Structures are given as structure tokens and as C-alpha cells.
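Colleague: Mind docking chain B on chain A? Use the hints.
Residue numbers (our numbering), protein chains in the order written: chain A, 1 to 115; chain B, 116 to 1012.
What the hints contain is simulated information worked out from the structure, not anything from laboratory work. Treat the hints with care, since some could be wrong.
Residues from chain A that keep clear of chain B, each with C-beta distances beyond 12 Å, as calculated [unchecked claim]:
# : residue
1 : L15
2 : I31
3 : L57
4 : E58
5 : A65
6 : D71
7 : L89
Each computed SDA-like pair below joins lysine to any residue, with the alpha-carbon atoms no more than 25 Å apart [stated by the list, open to error]:
#  : chain 1 : residue 1 : chain 2 : residue 2
8  : B       : K172      : B       : K465
9  : A       : K19       : B       : W183
10 : A       : K19       : A       : S94
11 : B       : K172      : A       : S94
12 : B       : K772      : B       : D714
13 : B       : K172      : A       : R68
14 : A       : K84       : B       : G180
15 : B       : K465      : B       : L244
16 : B       : K812      : B       : G828
17 : B       : K172      : A       : G61
18 : A       : K19       : B       : S513
From a predicted model like this one, the values you see are computed outputs, not experimental measurements. Just so you know, even glycine gets a beta-carbon here, dropped at the ideal spot from N, CA and C.
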Amino acid sequence: MATPRSDIPQGTLDLLVLKVVAQAPLHGYGIAQRLQQLSRDVVQVQQGSLYPALHRLENRGLLAAEWRPSDTGREAKFYSLTRKGRRQLATEESGWRRLAEAIGLILANAEGEIT
Amino acid sequence: MTWLGRLVRRTRAEAELAAELRDHLERRVTDLVQDGMEEPEARRLAGLELGGIEQLKENCRDARGTRWAHDLAHDLRYGVRVLGQTPIFTAVAVLSLALGIGANSAIFSMVNGLLLRTLPVQDPSRLVLLNGGSWTNPLWEQVRDRRAAFAEGAAAWGTERFDLARGGQSEFVDGLYASGGYFETLGVRAILGRTFTPADDRRGGGPDGPVAVISYRWWQARFGGAADIIGRPLSLNRARFTIIGVTPPGFLGPVVGRGFDVTVPLGTVDLFRDGPENALDSRSWWWLDIMLRLKPGETIEEATRALRGLQPQIRQATMPQDWRVQDLESYLRDGFTLVSAAAGPSELRKEYERPLLTLMAVVGLVLFIACANIANLLLARATARRHELAMRRALGASGFRLARQLLAESLLLSAAGAVVGLLFARWGTSLLVSQLSTFRAVVTLDVPLDWRVLAFTAAVTIATALVFGIAPALRAARVDPNDALKQQGRSLTAEGRGGLGTALVIAQVALSLVLVVAAGLFVRTFATLATADTGFDRDPVLIVTVDAQHSKIAPADRVASFDRLRKAAAAVPGVAHAGASFLTPASGMGWNNRFEIPDAADLPEQERVVWVNAVTAGYFQAFGTAVLEGRDFNDGDRAGSARVAIVNQAFVRKYIKGPSALGHAFTREGPPGSPPTPFEVIGVVEDAVYRSPRDGKPPTVYLALQQRSEASGEPVMASVNIVVRAAGTGSPMLLSKSLADVLARVDPSVSLTFRPLAEQFDALFVRERLVAVLSAFFGGLALLMAAIGLYGVTAYAVSCRRTEIGVRMALGADAGRVVRLVLGRVAWLVGAGVAVGLVISLWASRFVSSLLYGLEATDATTLTGAAAVLATVAALAAWLPARRAARIDPAEVLRNG
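So here's chain A without its partners, still in its complex pose (with noise of 0.2 Å):
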């Protein structure tokens, strides 16, 4: 692994916890997994940080949390997306877009500043 690892910035990781239980329900490890291959292990996700957050995010009525039986034969906590969740997912969605479009304008025009 010769990439070199960063940690995802501060207050991204809801936008990114909901974006993929925007696509199926999914349990705890099941996103932890998918956040690190949908990141190609170029994001380190803190294991320690994403139970806070979905209890956080189940707290603030975004996630919907479920009981059911999983692959494993035993019953696993899944999370879904509620229609809150939802709205919050395209706000922060459009917002991360427009604020990585600027910082990459920035970015380029300083760059042409200095030559």
C-alpha cells in the first residue's frame, strides 16, 4: 500500500455514512467496508468514530435503525436512510460540491498568480 493514507476532514464522514446507506440498508461493519472500498482505501475511516456517528446520526432522526436477520444467522443493527436523512443528504451533497469546486478554482488560479 504506497498510497499514503489520509483521515477524512472534520464533519465529512456523516456526509459519507449517509451517502452509502443512501443505496440499501446496511449494519455497522457493512458500512465501515463499503466506506473503505467506495474510498479505495485512500480515506482512513477511525473505527472508533463511525458507531458515534451513527448513533449521533440515528439521534438527529436521519438514519432509521432495524433489527433483522443478517448473512451471519444472527440478528445485525441495520441503518437505512430516513426521508429527513434524505433532504440532509442532498443539502450536504450540493453544498461539499459547490465548496470543492471553489477551493479547486482557488487552487488553480493562485497557481497562476505565482508563474
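Modeller: Just chain B now, kept in the frame of chain A:
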């Protein structure tokens, strides 16, 4: 899920959290093993990736917002354990808090019931009262007929004590004459049957005859809640009424503090007061209260303006007959005003508002003193627990966490105190309310444990916990963890606990002094009034009120009938003297007339208005009032004989020039057009109290009851008092049975009420007695708590300075010196406290001066007396630890430390 729901399901949430994390670990291990890792190694790595499992759980709890609840539950559980280890401390603390909080809740319940609650009727905020006392029925009819201009509805009522008995000894029930629109205006519906309407409010009774609506309370108490109550007959003042409805449980009439069990239409008053005494037509019988319901959105000012616009017509149509011109002018000018009646009109409120607020302050101070005591105890305990707290600090608890732990303990104490206190309060309030009733008015006050009282108690509980818990908590937060590592050392001098403890004790002493001063002032006020010289003997006199209103006796025969009854009473064995009078002293009623007195012609006319009573022979003997000059009335003073009067010394001093009043003549002003009545003074009697000792012994004229007659334009009142002096020393009430028998034999149709004169007098001072008793009780309680506080602080100081004292004694100090050393410090504390307390007392005196009689609020005797009491109690409290200090064995101290 709300946080509350989550709190309730806390255990389940905990289990789910554990299961969720376990599931994660299992899956990770499975994956790692599939990748070829050995299972033990996989387990170790999975755990490592997740971080500390307990820490993670804690973070999840934080994320869910339940951590504080988790911690609080823990703090409380731990607190219960800690408090359980010191049961005596806990019991003392809870008991003193229960007294303090209970007293506050009790007095607040009264304040709530009397001052804050609104009437239990529909939309009480729109109710207003026509201000200025009572009104006549003609005026009410004018207001009722013109109400559309200024109000949505209007109601009037007059109070009455209905006699339920059909003869002989009376049995009273408080009732109302109410206008037909009364129930509709208030918005009160019957829970059984119906209420009455304007159709029922006809003179002598409506289509269903005279009808009555009764209260739920009375329906239960008198009729056992009988289901067939509607349609039952009810005898009121010997007239037959029909019960047509029962009002809802909370509703006891429009007057706060009174409970009216029977309500009948205004028009039925015609059944009882016919002819010249007819209440409905009289333009100078003022007996009705008038209440209006404003239109939605209408303000009191708008309604007042509209009413003022109609004032000339209303006044003009209701001018009292036979008034002097100048009095009629002021009648016309007197402007109507409206006042909010949302809380209902209340004499009781006027009388008790200030005493209650004073008592509220008193119990607040008592609670504060209790808090100071407990704070001191907790501080001492915190010192003892220093090692434990330091150990917890050393093990990683934050200062905040320790402070919270101690505050949780304080909250537990104060909550336990509040629970016991509410029981005290329940019991205390019903006791208080029952003390307010007198023969004149049965006080009914609804003092429920409603949300206001509970919220107040909860607020007091939390505030209390903070007041006494904050200092120990802050101190705990500053505990140095290193202390845990040290051996508990010994030091020569006391630790630096002095500052706060000292301040608390000074505050306690100061506030106790304020309360003792207040108790002294109120007790002396009551004692002055209760033992005031009245000019007659109270204890042996029994008053028998004879009411011929509803009897068979014709008005013209009343004088003769009353005379027969009086003579029959005088002949009863055990009766020393018997007389009759229209009024009795301190009965709450008064009668005055304006006189033309030749010697006092230069006095302005309001100075010549004198209290009057009409009495018969035997009255002065019965009361033990000496006839100083001339003679008493006798049988020769009858209708048609020359009019005579007896005056008292105060009258002679004020109105008569010359050595003797005998033979002087004066005249009483009659209504305009009728000639004044001349009287000749035939006797002078001792001065006596007329209405209340507060008014002193005013000039009084006694006229001969037997000289009154219809013919001379002086109707004879339907009710007189036969005053009886018991020959023996026992209670005069013992005579009531034989008197009732004898009087009933003379005339079975009159109704009789028996009351000792002493009881009538006591009723004057109910308020003063209540305030005196309560302030004395709380003053004593404050004193006791201050003594305990002082004892505790001194004992603690002595135990801290054991070593120092031992060394001093070893160096030659004798016992007296040690005692002086200890007492010197106490004297300083008490001196400072007393000084502060005196300043506060002087400042607070202005608030209570209106409740005092016979002394100033800054009365020097009371202030010095209170200071002396406090100093004595303090000396006693400090004596025990001082003596213990003097008995310290220096050798033992030096050996063992």
C-alpha cells in the same frame, strides 16, 4: 424517540449497543480469518481497530445524549449509599429541610388559594366588579336593564345565613340571594338538575315556586349525595323551597374565602322581608354585590366609560328617599368604577394579604437558616470525606465530576425534605384554613396542591439544594489529589475552614434575630389586644341572639315579647343578671347617629356622630359595667314616657361642660322633614369598648330599647340579643341548654343562637392570633436551628484546636482561660450576627407596622429583648463544647496528638 423514552429504555439501549459492537467484532474476525490470519491474532487486531470498547460505548452514549442521565443515575445511587452510611445526619437534615420546605409550601398554598387563583368559572378574566361596596336593589335593576351598553352579562348577589331549623335553636347555612342571570353570567352549569334563570327570579318565586340550587359539597355532606335530590323540599328561614340543581364540585360562589351552599333567586327575599323592610324596593338598603361580564375584547376602561355615560340616569332613578340634600348631591356625583374580578372579590384577601406575604418572608428566612445549618454540616462532612474525594481525584475523576456528585447528594437530601415537607404542608394548610373561621363567617378556602404549588415546591427544593450544596461542592472540586497520597497528618492549628462557616453562622444569628423580633412584635400585639381593658367582663357573659324575623310575632308586639323573653332568662337558675340590647360589643356591627348637643354646638357635624346602642334594664349589670351617676333604665321607661338616655364618661368628656351630665338634654337628628327626637341624660356609665379594642372606648349613647315603637317612627328590629351573666365561674355556655328550654316555652317560634362574649371577642383577633402563633413558632424554630448551628461550629472548632488547647494547658492555661478562649470566639460571632440582625430588623420594620397594635415596629424593648434571648441561647449552645475543651487532658493530647 424522546430523551425521556430513551431514559426509560436505557437498559435496552445499553444491551443493543453492546450487541451491535459485538456483531462488528465477530464480522471483522471472520473476515480476517478468511484472509488467513490466526483467530487469536484476528481478535486482537479487531479490538485494536475499534479502540477501547468502554471508551467507545461512552462516546456513543455521548452521541445519543444519554450520558448525563447515565451519570446522574450513578451519582444518585452513590448518593443514597453515602447518605445511608450516616443515618443520623441524614435524618436531621431531611427533617429540618422538611420543616423549612413544608412551611414554605404551606404558606404558598395559602397565597395561591387566596391571592393567585382565579375563580373556577368560565373565562374569569372577563369578570369585573362594580367597585365601592354594596348596592341597592333598585340600582341593580337599573344596571341590569341597561347592561347591553357596557357588558355581555350582569349578576348581583347578597349574602344570607339561612336558618334551616323550623323553630328553636337555629341551624345555619351560608347562602346567597342571586339574580336570575347569575349562573349564566358566571358560566356555571348544574351537574345535576338545572340552575335557575331570570324566569325563576320573580318576587315570591317563579313558575316552579321558590327554588334553590345547592353546592356539590352540601349535597354530599347533608344529603349523602342522594340521587333523588332534585325536587326535594328545603326549609330556609321557615319558608319552603324546592331544590332544582347541584353546582359543580369546585364552585362555592363568587367570593373567595367563603363557601355558599345554597343559592336562591333574588326575588325570593320578598318571602321574608315584606312591608317596610322590603329589601327589593328600599333605596337605602345596601346589600348587593354587582358583577359584570365584559364583552369579548372589551377593556375595563371602555366598559367604565360606557357605564359612566349612563350614570346620571341610573343615579337619578334610584335616589334614596329621606336623605338630606347635601347627601343626595354626593350620591349623584359619586362616579362608578369597575375593577377586575377574575380572582373574585374577597374580604378575606384584603385582611390576609399582608400577613400572608409577611409569613412568606418569615418561612423563607427559616428555610434559609435551615440551609445554612446543613451547609455547615456538609462542610464539616466534606472535611471528613477529604481522603475519599482526594482518592477519587487521584484515580481520574474531574473536579467537576466530584462537585456534581456532592450536588447530587444535596439534591437527594432536599428532595427527601420536599416529599416529607409536602405532607406537612397538606396538614398545615388545612389546619390554617380551619383557624380562619369565626362565628361570623365560616371560611372556606380551596387550597389544592395544584401545578403552582408543586412548581413552587420543586423550585424551592432545587434552590435549597443549590444554596446549601454549592459551597461543599465547590470545595470538593478543589480537592488536591496529592492529599490522597499523604498520610492523614495532624496539624497544630485549625484548617482554613473558618471564613465560610463563620459567615454562615453570623447570617444565621442575624436572621434568627429578625425572626425573634418579628415574633416578639406580633405576640405583643396580640397580647395587647386580647388583654385590653374593655370596660366590661367578658368571661361570664353569654349572648343569646333572638331572631323574630320569621316568627309569628307581629312587629308591634316585638318589644313586649323581647321583654318577656328577657325576664324569663333572668329567672333561669344560674343566671345572675339578664338584659337585652340591639347590638353587642365586638359583634362586627355598629350603629351611629348625629346629635345636636347644646354644649357642643361649635363642633363640626362629623364630630357629633356618636355610637349608639339600644338596651334594657339589666344590660349593664350583665356586662359588669358600673353605673357611675344617676340610674339604669327601668320598666318605667316605656313607649310614650319621656325619652331618656344613658351616656358614658367619654361622651361626657367630649360633649358636656360642667361637673355632671345628669339632666342635660340633646336631640337626635331624624330624616329631613321629621322632627328631631329629644333625649334627657339620666345616667352615666363606665367607658367600654364598642366595636374593637383597636378603636379604644369611644363616646357612646345608650337609648332605652323599650321606648322604641312603630308609632314614634322607630321600627323595632326583628332581632335582639339577650345578654346573660352566669352566676358561677364555669363557662356561660353551660347555661345554653336550660335557657333554650325556657325561652322556647315562652315563644317557640323565635330562633335562638348562643355565643359566649369571649368567643365573640376572640373572633376580632383571629388574624393577630394566627400571625402571633405562627411567627412565634417559626421564631422558636429559627432560634433552635441557630443554636444547633452555633453548637456545631463551636464543637468543630474545639475538635480542630484540640492540640493547640492541649499545648496551652500544658503551658499553664487553666480551665477558665480555655472556656474564655472558646466563648470569646462565639461572643464575637453572636455580636456580629446580632448587630447585622438589628439593622435588618430596623429596615424591615416598615413592612409590618400596619399589622401591629400598641407598639412601634422599632420598639426598643422588643429589640433588646430579642437580642438578649439570642445571646442567652447562644451562650447555652456554646457552653457544652467550651466545657469539653476545658476538660481536655494535656498529657493525653501530647502523647497521642
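Colleague: Each hint should be assessed against the structure and marked as holding or not.
Modeller: Here's how the hints hold up against the structure:
| no. | hint | verdict |
| --- | --- | --- |
| 1 | L15 | holds, 16 Å |
| 2 | I31 | violated, 10 Å |
| 3 | L57 | violated, 9 Å |
| 4 | E58 | violated, 8 Å |
| 5 | A65 | violated, 9 Å |
| 6 | D71 | violated, 9 Å |
| 7 | L89 | holds, 19 Å |
| 8 | B:K172 / B:K465 | violated, 61 Å |
| 9 | A:K19 / B:W183 | violated, 31 Å |
| 10 | A:K19 / A:S94 | holds, 12 Å |
| 11 | B:K172 / A:S94 | violated, 33 Å |
| 12 | B:K772 / B:D714 | holds, 6 Å |
| 13 | B:K172 / A:R68 | holds, 22 Å |
| 14 | A:K84 / B:G180 | holds, 20 Å |
| 15 | B:K465 / B:L244 | holds, 15 Å |
| 16 | B:K812 / B:G828 | violated, 30 Å |
| 17 | B:K172 / A:G61 | holds, 20 Å |
| 18 | A:K19 / B:S513 | violated, 39 Å |
In this structure, the hints that do not hold are numbers 2, 3, 4, 5, 6, 8, 9, 11, 16, 18, in rising order.
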